[in-house]
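*Asks:* Here are the chains, one letter per residue:
Number of protein chains: 4
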Amino acid sequence: MKERKLKKRNLKDTPALVIAAFGTTSNGKAAYDIFDTSVRAYFADNHAQIVWAYTSEIVREKTGSPGILQALASLEEHGYRKAVVQPLHIVPGTEYQELADMCSDFPGMRVVMGETLLHRWQFVDDVISAVAQDFIPEGINVIVAHGTPLCADPANILYQGLDYYLTHKFPNCFFATIDGMPSMALVLKKIAAEKPPVKRARLIPLLYVSGLHVEKDLLGESQSLKANLETLGLQVDYLSILHEGGSFVKSLGFYEEVRSAFINRIERALKLLYYY
Amino acid sequence: MKERKLKKRNLKDTPALVIAAFGTTSNGKAAYDIFDTSVRAYFADNHAQIVWAYTSEIVREKTGSPGILQALASLEEHGYRKAVVQPLHIVPGTEYQELADMCSDFPGMRVVMGETLLHRWQFVDDVISAVAQDFIPEGINVIVAHGTPLCADPANILYQGLDYYLTHKFPNCFFATIDGMPSMALVLKKIAAEKPPVKRARLIPLLYVSGLHVEKDLLGESQSLKANLETLGLQVDYLSILHEGGSFVKSLGFYEEVRSAFINRIERALKLLYYY
Amino acid sequence: MKERKLKKRNLKDTPALVIAAFGTTSNGKAAYDIFDTSVRAYFADNHAQIVWAYTSEIVREKTGSPGILQALASLEEHGYRKAVVQPLHIVPGTEYQELADMCSDFPGMRVVMGETLLHRWQFVDDVISAVAQDFIPEGINVIVAHGTPLCADPANILYQGLDYYLTHKFPNCFFATIDGMPSMALVLKKIAAEKPPVKRARLIPLLYVSGLHVEKDLLGESQSLKANLETLGLQVDYLSILHEGGSFVKSLGFYEEVRSAFINRIERALKLLYYY
Amino acid sequence: MKERKLKKRNLKDTPALVIAAFGTTSNGKAAYDIFDTSVRAYFADNHAQIVWAYTSEIVREKTGSPGILQALASLEEHGYRKAVVQPLHIVPGTEYQELADMCSDFPGMRVVMGETLLHRWQFVDDVISAVAQDFIPEGINVIVAHGTPLCADPANILYQGLDYYLTHKFPNCFFATIDGMPSMALVLKKIAAEKPPVKRARLIPLLYVSGLHVEKDLLGESQSLKANLETLGLQVDYLSILHEGGSFVKSLGFYEEVRSAFINRIERALKLLYYY
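Residue numbers (UniProt numbering), protein chains in the order written: chain A, 1 to 276; chain B, 1 to 276; chain C, 1 to 276; chain D, 1 to 276.
Next up, chain A with everything else stripped away, as it sits in the complex:
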C-alpha cells in the first residue's frame, strides 16, 4: 500500500498530471506546445499541476527536461500523492510498458496511466477517420508507424491489425513501420509489384511529432522511404501545416481530433483515480 505517511506540511489533495512524450529537439516540438496549450486550457478550472516528462534520453540531455522518475520525485516532494501520467504514445509498446512499470512501482505516489491513442479498435476507427481526410484518392497512401523491434511484443498485434484495417478498409492504402514489422523494405516490395504500376504516393506519418525519425527515415534525401519510392518512379508528397508562421510536417499532433482523443484519455484516467 502506498498510502503511508501523512506529510504534515504542504500536502496536495488534487492529482498532478504528467504528460509523457518521447520528446524532440527538432522544430516538430511545436506539436507538443499545441497540446500543452490545449491541456492547460481544458483543465484550467482544476488548477491542476501539469508537467511534462520525456522518455528520450538524448532529448533530456539536450534540453535539461526531466524523465518520468525525476518528474514523479519532484511532484512527490511538492506534496502530490496521486497523479495521472498520460503518455502521448500511439500504441502500447515497449516504452509504454516501461513507463507503466515505473509508474506502478514509484514509491509514495498513486499513479494511474492513461491509455494510448490507439489502445482500442474503436480508437483506430476514430483516428484513422480523421487522418483519412488527408488521403489522396488517386495514387496510394502509405501510412507509417513507429513499429516495435521486439518480435513477441503484443504491440505487434496492433501493427498487424492496422495493416489489415488500412489495406481492407481503403482501396489505396499501404502500411509500414520504421522499426518493426511490417518493414519499409517489405512494403516497398509490395508497392513495386502493383499492377498497374503506382504513379503517386502520399506519406502519412502515424507519429505524434515529426522528429528525427520522420526527417531521416521517411523524408530524407537518400535511403529514406521517400527516396526509395521516388527511385521506383513514384511522385511522393507529404502534408505540411502552417502554425504560428512556421511550416511543419503534419504529424498526428496537428490533428484536433488526436488532441481531443488524448484529452479523453486523460479524463478517463482522472476518473479512475477519482473513484478508486
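One or more hints might be untrue.
If several chains are the same, the list does not tell them apart, and a pair holds so long as it fits within one copy or across any two.
[To be verified] In silico lysine to aspartate or glutamate, EDC-like type, Cα no more than 20 Å apart, as pairs: (1) LYS199 <-> GLU230; (2) LYS271 <-> ASP13; (3) LYS12 <-> GLU57; (4) LYS169 <-> ASP179; (5) LYS12 <-> GLU76; (6) LYS190 <-> ASP125; (7) LYS189 <-> ASP126; (8) LYS195 <-> GLU138; (9) LYS271 <-> GLU77; (10) LYS62 <-> GLU76; (11) LYS12 <-> GLU61; (12) LYS62 <-> GLU77; (13) LYS169 <-> GLU194; (14) LYS250 <-> GLU221; (15) LYS189 <-> ASP163; (16) LYS189 <-> ASP125; (17) LYS250 <-> ASP36; (18) LYS29 <-> GLU57; (19) LYS190 <-> ASP163.
Hints are computed from structural coordinates only; laboratory data are not their basis.
If you're wondering where the values come from, they're calculated on a predicted model, not measured in any experiment.
Model the placement of chains B, C and D on the given structure of chain A, informed by the hints.
*Replies:* Relative to chain A, chains B, C and D alone:
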C-alpha cells in the same frame, strides 16, 4: 494497479467504512452497538456507507454477519471502489495483520486500514489515563489484555511495554494477558509473592467488548483469574456499567475516550485515503 | 528484474553512494559536514559519486536539498544503475524501513542499503564503549535515544535492549527515548526514586546530530529533560565539542569511532553490491 | 532484495554463465558440443564458469544432467552470486518464459537472461539471410519452426511474422510449425493447391538441434511432413552436414552466424549484469 475498470453503472465516489471487530454472541455486544451509534452520528454528514465485519468465525456462523471478505465483496458489488477498514482491535497483533493482508490484497478496491487503539506509545498514555480513573487506590489493579500466542509476533513488544508502563507508572498495577505473555499464571505468582500480602484486587479487562474470554477466563466461577486470586485470599471486584437497562462488564468500549480514540483512527485513515 | 534497458549513452559502471540523513537546520549540521569530508577522503580512489539525501521534509524545504526519491531519480538520469544508500540512522526504525522500501522499489536502479549504527549487538558493544569514555564516574549518565512512537515497531526491541545493556553493564546509567519507550517521564520517575538521591547527571544524546530534538527536548530552558532533572535537584551537564571555531553539543557524529563505524557499514554494502 | 548474506568463504566476484538448452539424446547433440567449444574459447580470458542446464525432463533423466534449478543451486553453493542464463531458444515462447520466471525468482542469485535467437525483427533479418544461403532456387523451401501450443502466447506473433516475412520476401518459401500455428497440415494444403504443382521441396528445420522432433515429425518414414509431401508427388530433401566424421541434419546450431548471434546475446546480458 487496482484502478482498472470503470463500471458504467452505480459507481460510488465516496469511500465506504467497514468496522472490523472480533464480534460476540454475549450481551457485551452492547459495546459495539454504542460505537455504531457514535460512528453513524459523527459521520452523518458524509452519508457514508458504514458496515460491520466480524473476524470471529463462530460469531459469523451464529449471527449470519459477514467477515471482511464478504463485506468488501458486497461493497465492491454496490459500486464502492475505496474503503477505510477500522479494526476495533486494541493491539496490532496477528488478527490485525491478517486483516491488513486481506485488505491490501483485495482485488478491485483500494483499502486503507486504521491504526489500532494502542498503536502508538502516545495512545497508551491517553487510553491508560482514561482507564486509570477506575483504578482502586488501595489494593491492586490487575489489567488484563488478550495477548498473542505467537512468540515472535511484534505485538509482544507492546504487551511487554504495557507491563513495564503500568508497573512503573502506577504503584499498584499488575499486567497479564489471557493468551500470551506475561501469562496469568506468572502474574498470580508475582501477586502471591507480594509483601505484605495483597488484600484486594480490581480486574480491568483491556478488551473492547466483554465476551467469552472475560466471562470465562477472567471472571468465571472456577479456574478463572478471579477464582485463582480469591483462592489466594484476595477480595476481587470488577466494574459493571448500566446501559439501557442492562448491566455489563465495563470493557473498553464503554469508555467515551476509547470511542473517541477509534473515531480519530478512522479520521486519519480517511485522510490518507483522501490525499492518495 | 531491474536490469532492463542498456542506455546507449553515459552509462556509469560504478555505484553511486547516497548518504541519507534526517538533516538539520541547526548548527549541528557540522557533524554531517565532518562525515562528508571523511567519506569523500576515504573513497577518493573510487572516484565515487557521493550525494546526500535528507529525510526531514522541513529540512528539505528550507535548504532545497533532495530527498531519497529525487536523489535516486537524479542519479538514474546521470547514468547510474546501482547505488549504496547509507542511512546515518542509529537504529532500524520506521524511517529506516521506509527508506528501505523506497530503495528496493525504486524503478531502474539496484540499491543496497547499509546497516544502521546499532544494527547488531556487537555494534552496540563497540559504540557504547566509545561513548562510555565520556561517562562521569560519579553521579549518573542519562543516555537518550530518539525512540519510536509505534508500539509494535521491532526497533523497540533495540531500545529495550539498550536499556537492559546500559543499566546492567554500567553501575550508573539510565536510558530514555525522546519519542518512545522508555519515556523520559518514566526515567525521571526512576531517577527521583534512587536512594541515596542522585546529585549529578550527564546527558548523552544517542543521535547522530544535535538538532531541534536535542536543543528543545533534552537541553531546553523549560520542560526539557535537563530542566526536569534540575527541578529534582540535580546538577546537569552535557558535553560540548569545539570544531572549526564553533561549539557543538557532542552528538554521535563527533565521535571518530562512530564515523568509522558508518564507513564500515558503507564498505559492507558496497561489497554486497559487488558480489551480487 | 537478493543481496543479503555475505558468505565469508569462497565468494566469487565474477558471474557464472549457464547455457540453457532443450537437450537431446540423439546424435544432434553435436550442435551443442560445437557451441560449447565456441563459448569456452570466446570467453577464455574471463575464466568464466560455464555450465549447461537442460529443460527437457527426459534428457535430464537419461543423461543425469541438471535442469536450471539444480544448475543455479549448485552455482550458488560454489559461491556465485550472479549469473547470465543464455537460452539456446529460437523464440521467446512458453519455455523461455518459464525459464525467465525461475531465474528472476531464484533466491540468493541475481540472474540476467539473454535474449532468444529471433528476439528482434532485426535478428530475423540476420538469421534468415544466413539460412537463405541454403535455399533451393527451383522448387520450394519449407521452413519449419517448433511453434507454441498455447493460442494466446505472444510467441505466436513471431511465428505469424515469420510466415509473413518468408512468404513475402522470398518467391518460393513456405512456413509451418510442428506444434502450433501455422500447422503442418495447413501448409500441406497450401502446397497442394499451388499451380502449377510443386515438384521439389527442401525442408529446413528452424531448431537449434536436430532431435526427436526432426527425426520423427519432419523426416520420419511415415506420417512425417516429408512423407506427406512425397505422397503429394514432391521430391523432398534436407541438408546434412559432416562434422568430426559424423553426418547430421543441418539444424541452426551448425550455422556459424547462429552461434555468433548467441554469443552476442550473451555479451549483451553480461553487459546488463555489469552495469546494474
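*Asks:* For each hint, tell me whether it holds in the structure or not.
*Replies:* Hints, one by one, checked against the model:
no.: 1; hint: LYS199 <-> GLU230; result: within (10 Å within a copy, 39 Å between copies)
no.: 2; hint: LYS271 <-> ASP13; result: both (15 Å within a copy, 10 Å between copies)
no.: 3; hint: LYS12 <-> GLU57; result: between (30 Å within a copy, 14 Å between copies)
no.: 4; hint: LYS169 <-> ASP179; result: between (24 Å within a copy, 17 Å between copies)
no.: 5; hint: LYS12 <-> GLU76; result: within (10 Å within a copy, 26 Å between copies)
no.: 6; hint: LYS190 <-> ASP125; result: between (24 Å within a copy, 17 Å between copies)
no.: 7; hint: LYS189 <-> ASP126; result: between (29 Å within a copy, 19 Å between copies)
no.: 8; hint: LYS195 <-> GLU138; result: within (14 Å within a copy, 25 Å between copies)
no.: 9; hint: LYS271 <-> GLU77; result: between (24 Å within a copy, 18 Å between copies)
no.: 10; hint: LYS62 <-> GLU76; result: between (25 Å within a copy, 16 Å between copies)
no.: 11; hint: LYS12 <-> GLU61; result: between (30 Å within a copy, 15 Å between copies)
no.: 12; hint: LYS62 <-> GLU77; result: between (25 Å within a copy, 13 Å between copies)
no.: 13; hint: LYS169 <-> GLU194; result: both (18 Å within a copy, 15 Å between copies)
no.: 14; hint: LYS250 <-> GLU221; result: within (18 Å within a copy, 43 Å between copies)
no.: 15; hint: LYS189 <-> ASP163; result: both (15 Å within a copy, 16 Å between copies)
no.: 16; hint: LYS189 <-> ASP125; result: between (27 Å within a copy, 15 Å between copies)
no.: 17; hint: LYS250 <-> ASP36; result: within (17 Å within a copy, 53 Å between copies)
no.: 18; hint: LYS29 <-> GLU57; result: within (16 Å within a copy, 36 Å between copies)
no.: 19; hint: LYS190 <-> ASP163; result: both (13 Å within a copy, 16 Å between copies)
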